[in-house]
Amino acid sequence: MKKIKFMYSKTTLLLGLFVLLFSNCEREISDEAVLATFQTNPNVFTDAPAGLTDEFFISFDPAGGANTEGFGTDDNEAYEGTSSIRIDVPAPNDPNGGFIGGIFRDRGEGRDLSGYDALTFWMKGSTTASVALLGFGTDFLEDKFPVSISNKQLSTDWRKVIIPIPDASRLTQERGMFVFSAGTESTGGVGFTIWIDEIKFEKLGTLKLQNYFIQNGNEVDVNVFTGVNQRVTGLGAIYNLPTGNYQTITISPNYFDFKSDNSSVTGNFRFNEAGEIVTPIIGEGKATVTAEVANVLATGALVINGQGDFPHAPIPTATTNVVSLFSDAYANVPVRHYNGFFAPFQTTEGGAGPDPNNVDIKAPFANGDLDNIINYTKLNFVSIGMYEAVPNIDVSATNTLHIDINVRENIDNGDFIRIQLESGTGSGTTSGGTFTLNATALRNADANGWVSVNIPLSSFPGFNSRTNLGQLFFISDNTISNIWVDNVYFYTN
Amino acid sequence: MKNIYKRKLQLLTLCCLSVLGFTSCDTDETQTVATLNNLVWQDEFDTDGTPDAANWNLLKGDGTAQGIPGWGNNELQNYTDRPENVTVQNGVLIITAQKENFEGKSYTSARITTKGKLDQQYGRFEARIKLPTGKGIFPAFWLLGDDENGSLVWPQIGEIDIMEYLGDEPTSVFGTIHGPGFSGANSITKQYEISNDRFDNGFHIFGVEWSPNSINWYVDGDLYQSLTPADVSEETNGVGEWVFNRPFHIILNVAVGGNLPGSPNENTIFPQRMLVDYVRVYN
Numbered sequence: 000m001k002k003i004k005f006m007y008s009k010t011t012l013l014l015g016l017f018v019l020l021f022s023n024c025e026r027e028i029s030d031e032a033v034l035a036t037f038q039t040n041p042n043v044f045t046d047a048p049a050g051l052t053d054e055f056f057i058s059f060d061p062a063g064g065a066n067t068e069g070f071g072t073d074d075n076e077a078y079e080g081t082s083s084i085r086i087d088v089p090a091p092n093d094p095n096g097g098f099i100g101g102i103f104r105d106r107g108e109g110r111d112l113s114g115y116d117a118l119t120f121w122m123k124g125s126t127t128a129s130v131a132l133l134g135f136g137t138d139f140l141e142d143k144f145p146v147s148i149s150n151k152q153l154s155t156d157w158r159k160v161i162i163p164i165p166d167a168s169r170l171t172q173e174r175g176m177f178v179f180s181a182g183t184e185s186t187g188g189v190g191f192t193i194w195i196d197e198i199k200f201e202k203l204g205t206l207k208l209q210n211y212f213i214q215n216g217n218e219v220d221v222n223v224f225t226g227v228n229q230r231v232t233g234l235g236a237i238y239n240l241p242t243g244n245y246q247t248i249t250i251s252p253n254y255f256d257f258k259s260d261n262s263s264v265t266g267n268f269r270f271n272e273a274g275e276i277v278t279p280i281i282g283e284g285k286a287t288v289t290a291e292v293a294n295v296l297a298t299g300a301l302v303i304n305g306q307g308d309f310p311h312a313p314i315p316t317a318t319t320n321v322v323s324l325f326s327d328a329y330a331n332v333p334v335r336h337y338n339g340f341f342a343p344f345q346t347t348e349g350g351a352g353p354d355p356n357n358v359d360i361k362a363p364f365a366n367g368d369l370d371n372i373i374n375y376t377k378l379n380f381v382s383i384g385m386y387e388a389v390p391n392i393d394v395s396a397t398n399t400l401h402i403d404i405n406v407r408e409n410i411d412n413g414d415f416i417r418i419q420l421e422s423g424t425g426s427g428t429t430s431g432g433t434f435t436l437n438a439t440a441l442r443n444a445d446a447n448g449w450v451s452v453n454i455p456l457s458s459f460p461g462f463n464s465r466t467n468l469g470q471l472f473f474i475s476d477n478t479i480s481n482i483w484v485d486n487v488y489f490y491t492n
Numbered sequence: 000m001k002n003i004y005k006r007k008l009q010l011l012t013l014c015c016l017s018v019l020g021f022t023s024c025d026t027d028e029t030q031t032v033a034t035l036n037n038l039v040w041q042d043e044f045d046t047d048g049t050p051d052a053a054n055w056n057l058l059k060g061d062g063t064a065q066g067i068p069g070w071g072n073n074e075l076q077n078y079t080d081r082p083e084n085v086t087v088q089n090g091v092l093i094i095t096a097q098k099e100n101f102e103g104k105s106y107t108s109a110r111i112t113t114k115g116k117l118d119q120q121y122g123r124f125e126a127r128i129k130l131p132t133g134k135g136i137f138p139a140f141w142l143l144g145d146d147e148n149g150s151l152v153w154p155q156i157g158e159i160d161i162m163e164y165l166g167d168e169p170t171s172v173f174g175t176i177h178g179p180g181f182s183g184a185n186s187i188t189k190q191y192e193i194s195n196d197r198f199d200n201g202f203h204i205f206g207v208e209w210s211p212n213s214i215n216w217y218v219d220g221d222l223y224q225s226l227t228p229a230d231v232s233e234e235t236n237g238v239g240e241w242v243f244n245r246p247f248h249i250i251l252n253v254a255v256g257g258n259l260p261g262s263p264n265e266n267t268i269f270p271q272r273m274l275v276d277y278v279r280v281y282n
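Here the protein sequences line up with chains A and B, keeping their order. Take 0 as the starting number for the first sequence in numbering that gives the first Met the number 0 and just add one per residue. Take 0 as the starting number for the second sequence in numbering that gives the first Met the number 0 and just add one per residue.
Possibly wrong hints are sitting among the right ones.
Claimed, not checked - The calculated DMTMM-like cross-link candidates involving lysine to aspartate or glutamate, where the alpha carbons are at most 20 Å apart (straight line), are:
hint, chain 1, residue 1, chain 2, residue 2
1, A, 159, B, 196
2, B, 129, B, 276
3, A, 207, B, 168
4, A, 207, B, 196
Unchecked claim - Take a look, some chain A residues computed to stay more than 12 Å from chain B by CB distance:
hint, residue
5, 259
6, 282
7, 393
Think of the hints as simulated: they come from the structure by calculation, not from any bench. For every residue, glycine included, the Cβ atom is placed at its ideal position computed from N, Cα and C.
Turn these sequences into a full structure, and let the hints steer you where they fit.
This is the structure:
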């Protein structure tokens, strides 16, 4: 028997299939049939947990630094009744974990919250610190409809907190009753205490939606190549509270219906592994992505300029004595970094980390394999380093350096990229040599914009110690700031 | 003309006093909201365009021409008669407060009156209104007494504020009278707080029923304040004069900034609109 693992992203499809199956039945659903509904208990915590799981507080993963010791109840403090929740926010160096956070989950199959318009509670602090995150909809199971507010400042007396529900009709079976997370970012590392009481869902009637938004309410332009999954981010809403103050909430993509005005540029919206909404770019042209919540148009838009197929660098053909620093065509030697971020003189961004499969650009080839490309921006100088954590490399059997560079801006006369090889980095006396690609050389690009250079190592005067290469530098002295780099390898010509 | 300085503190005091008054006075429990039901004047705002000139004057400027720059309250707007600020569309009067530089001011809005077109003594004055939102936004539906061709000046002419509202207090409105001995900061006023709702999410009905020696304020049928010459005398230690047995005209406006609401802040969103479904007068 085949086991099928259900995933949320497939749920819609499956539901659709069930509907199809049912609609194929001869008999229609009786008028007397009543849809199953879930309980509507509004209370989450009054003087005790209300209808929550036995563990009450389910912490974020302690392996990620969450402190499970600082949560409890306090019979000496209460906004109403006899008891409140007490959260002792730890210092960052607390051996039990440097922050505290977690959820309360409904002990049953979930609650029907569609009749409410807000989660409310009373909160106070031992000091006027800020709480990083407060909300609901996170259940550590599906996390379908999370809503949160961020950096809520505490008062040292009790204050009511109101977190609006953006479209309550979606919440017919919600298990995520409460979520919080707090650290000491606002106190410079000094721990503090939070008390929370009377957590409940309410129908206030006193909230006014200002607007929903995507892309933080801005119209954002992006240039994207075919095959890339373009994210739509900055999702939320602004409400006017009965106090006259505005409250911004962050809300899950599941509350939104996303639309594109050009289906030849964007494919079907779906979720990526991080739970973000993405659209695969499938063609060239312009598509404007907008979104609605409950038929109300959100402010902000994502204007996607589909650039067509990614302009890949030529596929490397060298086969003899290849020592590759960065290429999808070869097994790469271990590197310390693709960008050393040498403070304070270096401005170059991009190329973070030592993983050649997780740098800046992942552009799919026609067969679906990913082409990894480094994108250095704000370039003044940058190195690929092979020292300290990894050995210097031996290129003594090779005689040529190959690099593919794609300059992503206009090339002015006088622009250059100087390649520098340095031996002995971290292991002894350093020495090396340079070779400069001038504007003419950098303009000698193929149709995709790639300049493929094969530089004899003899063209690097002073680079004599080829058994312990420690760094390969790209130096532009700010004449050129934005380049793609691919296929950096030594070989024998 | 609407001098409203430190009204809030007094307003709180009055609320307390009024509650005391109501709870200790049995006769109020038998009062009904509306006893005057003979419709004598109305504008249903059913014709698109400029408000009907037979009913309304469209005031312009910042009050300088009237001798009260900032309309007596240090308000920040210039009133205009442009459709951007006042128009009738889809069955409602729309008064729009805009943030724009216009003749020396940073905001524009509108103020319309029935002076010379409807000047009436006594009656039930009622309007159905959806109010705007935001700090510094100050709409009103009010009555001002006849100045007898300039021979009388405020507060002698009298002012009955049927509804005033602050855009950053979306769940409350207040009703007020001004007269000699009880004007501006010392006016007699009461706040009405709505339950489970707010005034900028939908239309609500605001009215007064004004009879000889009596004014009653109501919101959506809830009577919340009742004032008589005896109340004025009590509030003012016998100094105040009841000036409400004379003809008054109607005013609708949206002010921006000023003494009572304070200035708009970075969160105030423009434009802001007051929508008026109808104004009706009964006797």
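Checklist line | Violations among the numbered hints, reported as their numbers in ascending order | finding: Violated hints: none at all, because every hint is consistent with the structure.
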